[in-house]
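Undergrad: Protein chains in written order, with our numbering: chain V, 1 to 171; chain E, 1 to 584.
Think of the hints as simulated: they come from the structure by calculation, not from any bench. There could be a bad hint or two in this list.
Pair ranges (Cβ atoms, derived) [to be verified]: (1) V:Gly157 to E:Leu107: 33 to 39 Å; (2) E:Asn497 to V:Gly157: 50 to 56 Å; (3) E:Pro185 to V:Gly22: 19 to 25 Å.
Residues from chain V shown here face chain E by an in silico Cβ test under 10 Å; the list is partial [what the hints assert, rightly or not]: (4) Ile3; (5) Ile70; (6) Asn81.
Glycine included, each C-beta is placed from N, C-alpha and C at the ideal position.
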Amino acid sequence: MKIKTEAGERHVLAVTVDNEAGILAKITGLFSARGYNIESLTVADISADHALSRITIVTSGPPAVIDQIIAQLDRLVPVHNVVDLADQGAHVEREIALVKVAGSGDKRIEALRMADVFRAKVVDTTLTSFIFEITGNSDKVDRFIALMRECGLVEVGRTGVVAIARGAEAV
Amino acid sequence: MTEMSGADMVVQALVDLGVDTVFGYPGGAVLPIYDALFKHPTIKHILVRHEQAATHAAEGYARSTGKPGVVLVTSGPGATNAVTGITDALMDSIPMVVLTGQVSTALIGTDAFQECDTVGITRHCTKHNYLVMDPERLGPIMHEAFYIATHGRPGPVVIDIPKNVQVATGNYVIPEKIAHKSYRPQVEPDADAIAEAIALIAAAQRPVFYTGGGVINAGPDASAALRQLVSLTGAPITSTLMGLGAFPCDDPKWLGMLGMHGTYEANMAMNRADLIIAVGARFDDRVTGRLDAFAPEAKKIHIDIDRSSINKIVPIDVAVVADAGRALDALIAAWQDAGHKPRDLGEWWRRVDGWRATRCLDFPERKDDDADIMPQRAVKALFDATRGRDPIITTEVGQHQMWAAQHFGFSAPNRWLTSGGLGTMGYGFPAAVGAQIAHPGRLVICIAGEASLQMNIQEMGTVAQYRLPVKIFILNNEWMGMVRQWQELTYESRYSNSYSDSLPDFVKLADAYGWTGLRIDTLGQLEDGIRTMIETPGPVIVDCRVAQLANCFPMIPSGAAHTEMLLQPSDVTGTMDDEAKALV
Ligand SMILES: Cc1ncc(C[n+]2csc(CCOP(=O)(O)OP(=O)(O)O)c2C)c(N)n1
Ligand SMILES: [Mg+2]
Chain V
1 MKIKTEAGER
11 HVLAVTVDNE
21 AGILAKITGL
31 FSARGYNIES
41 LTVADISADH
51 ALSRITIVTS
61 GPPAVIDQII
71 AQLDRLVPVH
81 NVVDLADQGA
91 HVEREIALVK
101 VAGSGDKRIE
111 ALRMADVFRA
121 KVVDTTLTSF
131 IFEITGNSDK
141 VDRFIALMRE
151 CGLVEVGRTG
161 VVAIARGAEA
171 V
Chain E
1 MTEMSGADMV
11 VQALVDLGVD
21 TVFGYPGGAV
31 LPIYDALFKH
41 PTIKHILVRH
51 EQAATHAAEG
61 YARSTGKPGV
71 VLVTSGPGAT
81 NAVTGITDAL
91 MDSIPMVVLT
101 GQVSTALIGT
111 DAFQECDTVG
121 ITRHCTKHNY
131 LVMDPERLGP
141 IMHEAFYIAT
151 HGRPGPVVID
161 IPKNVQVATG
171 NYVIPEKIAH
181 KSYRPQVEPD
191 ADAIAEAIAL
201 IAAAQRPVFY
211 TGGGVINAGP
221 DASAALRQLV
231 SLTGAPITST
241 LMGLGAFPCD
251 DPKWLGMLGM
261 HGTYEANMAM
271 NRADLIIAVG
281 ARFDDRVTGR
291 LDAFAPEAKK
301 IHIDIDRSSI
311 NKIVPIDVAV
321 VADAGRALDA
331 LIAAWQDAGH
341 KPRDLGEWWR
351 RVDGWRATRC
361 LDFPERKDDD
371 ADIMPQRAVK
381 ALFDATRGRD
391 PIITTEVGQH
401 QMWAAQHFGF
411 SAPNRWLTSG
421 GLGTMGYGFP
431 AAVGAQIAHP
441 GRLVICIAGE
451 ASLQMNIQEM
461 GTVAQYRLPV
471 KIFILNNEWM
481 GMVRQWQELT
491 YESRYSNSYS
501 DSLPDFVKLA
511 DAYGWTGLRI
521 DTLGQLEDGI
531 RTMIETPGPV
541 IVDCRVAQLA
551 NCFPMIPSGA
561 AHTEMLLQPS
571 DVTGTMDDEA
581 KALV
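Sequences are here, hints too, so could you generate the full structure?
TA: Here it is in structure tokens:
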């Protein structure tokens with residue numbers, strides 16, 4: 001007997017939660033306990049009184065699983081609301097990566113040229129290295145990092161996705 | 001607002017919340033609370049013999065009264081011992097509040113003596129949990145915890161209280177309005193959904209009600225409303241294991257339990273229905289059988305307080321997120337407002353009666369006095385002997401549990417206490433203790449297996465201490481019968497470790513604890529034995545020896561459809577492919 005898995009589509013969820021100890025463990029634990037995917041998860045406190053945090057989760061799954069994920073998140077006591085940004089029409093997604101490249105000669109020049117094309121900023125440099133800061137959707141960040149692998153990539157740090165719906169309304 | 005110690009606040013909050021009973025076990029990290037309890041005679045503390053039993057007793061108390069069960073245990077091993085019962089309460093939606101002691105805040109994280117990460121360990125087996133770091137928060141948290149445990153879909157809540165927080169003083173604050181800022185369960189049904197549901201019910205030719213523990217949780221009024229709606233619509237009704245008692249077993253519309261060990265008529269009705277009205281039931285795998293063959297022709301209405309239950313397993317046509325009672329009331333009102341009359345369901349009932357005619361719960365037996373007792377017969381005899389006494393029945397887990405569900409009839413809610421979702425051996429006896437504490441004058445019987453009973457048998461001491469007249473009726477087949485049955489069905493009768501070896505002499509054990517013990521060996525002794533059990537005051541353990549190799553039928557084998565029930569032993573082939581073996 002072989003174990004089968006099901007393919008799914010990518011969704012970005014914005015979850016507003018009480019900013020309390022253990023909430024992140026509760027949410028990541030829910031995903032692992034129920035076998036849901038997490039592609040990325042970001043969290044930060046977003047209210048003036050530090051009472052609320054917004055968690056942005058990128059996940060994937062068949063539609064029924066995405067519905068379940070939303071319902072399961074929504075029933076957690078400290079969760080205020082869960083929004084599937086795909087349901088909100090257009091939304092903006094951004095991610096920041098810090099990309100360290102080391103080397104000299106042509107590769108170094110090539111790295112700098114490519115950074116320019118991608119509008120990545122140089123935030124640190126030595127005679128043999130650069131750190132680039134790149135902002136964009138995950139695709140763009142992925143592509144940039146893939147190119148940097150050819151140009152002496154030594155280290156990457158990524159924030160994961162934050163996202164927000166377009167237009168004047170709040171979720 | 002009054003200044004007092006954290007421990008006094010805990011006890012004061014219990015008093016303010018109307019708690020009369022706490023099931024617990026002391027230890028270093030809860031001594032301040034135990035000392036506060038000592039001074040508070042209105043709260044009865046029941047000293048169990050193992051913390052797991054405290055949680056199941058609290059479940060028994062809760063399930064038989066509708067009120068939350070309260071548990072008090074110490075840090076470390078006290079808390080970890082409670083985890084099984086907490087998980088059980090989560091799976092079966094039982095309102096429960098568990099207070100755990102914790103090491104002092106300065107010691108947290110240092111691997112201190114009897115420290116464990118209680119909130120971490122219980123995070124995924126509670127509805128919600130708290131670590132209280134400041135005594136001023138105790139009042140609000142205690143009140144909020146009871147609110148969360150009892151509102152929406154009920155469940156267990158853990159409050160972990162470090163020892164220094166119990167000792168320190170602060171103001172005891174009762175929150176004015178206990179509405180949690182983010183937790184707002186939807187209780188009232190949506191009117192459009194009710195209208196859609198009524199349209200489907202009015203048009204259905206082959207409707208069936210499929211109800212569950214949610215109806216019981218919604219209170220006795222919900223069971224009454226269910227009866228009314230069933231009678232208005234004229235449709236047949238089946239229920240899950242957890243839902244037994246919401247609808248009277250002697251009503252002609254009652255099909256019996258459905259699912260793996262459900263009746264043929266209930267499962268066939270589900271399979272052939274054109275409309276399923278699910279109320280407070282969650283399409284568990286023990287109920288649905290093979291999913292792609294589940295109720296293929298039916299539209300589905302699903303009433304549930306928990307939105308995540310809807311579409312979780314089976315796609316739903318009309319979802320009503322609401323308290324089961326409110327939703328049933330709304331359906332009744334809408335049905336009457338529209339002036340609907342029951343459709344003529346005569347053709348459907350003729351088919352149902354055809355399935356009933358298989359008499360799927362019948363079993364072969366010898367009738368002479370010396371005959372071995374069939375376990376089904378023992379349950380039926382127990383049912384007959386207790387009619388009119390309105391007993392509360394608890395069970396352990398295994399074949400005896402299924403036989404009890406099949407052959408003991410229930411006509412009112414809160415009389416049937418069993419571990420459904422988690423299937424916890426060791427639940428039944430302590431649950432009976434909890435039910436008996438809540439109902440001192442009632443007849444409370446635990447129908448037990450000899451293996452399960454041993455998982456919390458130490459509670460015989462608790463029963464003796466509080467002079468509880470609990471009755472334990474063991475269907476002793478000398479096997480972990482349910483395991484043996486599966487080994488017979490799936491593993492060609494390779495009985496790996498399923499024999500109940502080295503059993504104690506239960507009669508002598510009774511004697512050792514100051515109980516009455518009696519043994520029933522043959523059919524001729526059955527009725528007298530049961531009568532003696534009922535008439536003997538105080539706790540009684542009955543070692544009822546039953547046919548050892550009887551199996552529980554009907555049965556939908558793992559991975560099979562509702563239509564592929566095994567009705568009798570001769571239907572069993574004794575082998576199974578890997579796909580079926582892998583299903584639970
Ligand atoms: C705590 C726990 N461990 C293991 C199981 C698996 N299990 C289910 S039924 C059963 C056998 C129960 O034997 P017994 O209590 O004698 O009941 P019988 O089936 O013989 O009626 C076992 C081991 C369980 N349900 N719970
Ligand atoms: Mg047994």
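Undergrad: Let me make sure I understand: some of the numbered hints might not hold for this structure. Which ones are they, in numerical order?
TA: Hints that this structure does not satisfy do not exist here, as all of them hold.
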